[in-house]
Amino acid sequence: MQAEEVKRGPADPLSRIPKAGQELLERFFGGGAIVFGSTFILSGIAVSVEAVCKVLDKPLPTAVDEVLVQYIEPCLTPSILILFFFSISLGLLKQLQLGSEQAGVLYVERDDD
Numbered sequence: 201m202q203a204e205e206v207k208r209g210p211a212d213p214l215s216r217i218p219k220a221g222q223e224l225l226e227r228f229f230g231g232g233a234i235v236f237g238s239t240f241i242l243s244g245i246a247v248s249v250e251a252v253c254k255v256l257d258k259p260l261p262t263a264v265d266e267v268l269v270q271y272i273e274p275c276l277t278p279s280i281l282i283l284f285f286f287s288i289s290l291g292l293l294k295q296l297q298l299g300s301e302q303a304g305v306l307y308v309e310r311d312d313d
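Using my numbering, read the sequence shown as starting at 201 and increasing by one per residue.
Fair warning: there could be bad hints in the mix.
[Said to hold, decoys possible] Computed Cβ-Cβ distance ranges for the label pairs, DEER-style:
| no. | residue 1 | residue 2 | range |
| --- | --- | --- | --- |
| 1 | 270 | 299 | 42 to 50 Å |
| 2 | 251 | 311 | 49 to 57 Å |
| 3 | 215 | 263 | 29 to 37 Å |
If you are wondering where the hints come from, they were derived from the structure by calculation, not from laboratory data.
Cβ atoms here follow ideal geometry from the backbone N, Cα and C, with glycine treated the same way.
Please model the complete structure; the sequences and the hints are all you need to start from.
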């Protein structure tokens, strides 16, 4: 029996996860990447606006500056790290799906006929 296992190779890691679970993982990782990617981009734009205002010597209102310093700027680094986590996880899942004997969940090539 062990000789048969050696010939077949290792078991497919996705064989234990039902297709509905794989779809849920795809949506979770994709949604997380979109949310944290958007957060990173919007934070970067806000910090850029603050920098341009300082260069042009047109100070922002104190309340806006405080929001930028207290909430937006500290959000930059964690948001990109979390974005990396979600995008790498989604990439690994898709790689496993494409290499799986049971084929990917959402990967389909349609004919243009």
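Comparing the hints with the structure gives:
no.	hint	verdict
1	270 to 299: 42 to 50 Å	holds, 46 Å
2	251 to 311: 49 to 57 Å	holds, 51 Å
3	215 to 263: 29 to 37 Å	violated, 55 Å
Figure legend: structure checked against the earlier numbered hints; the only hint not met is number 3.
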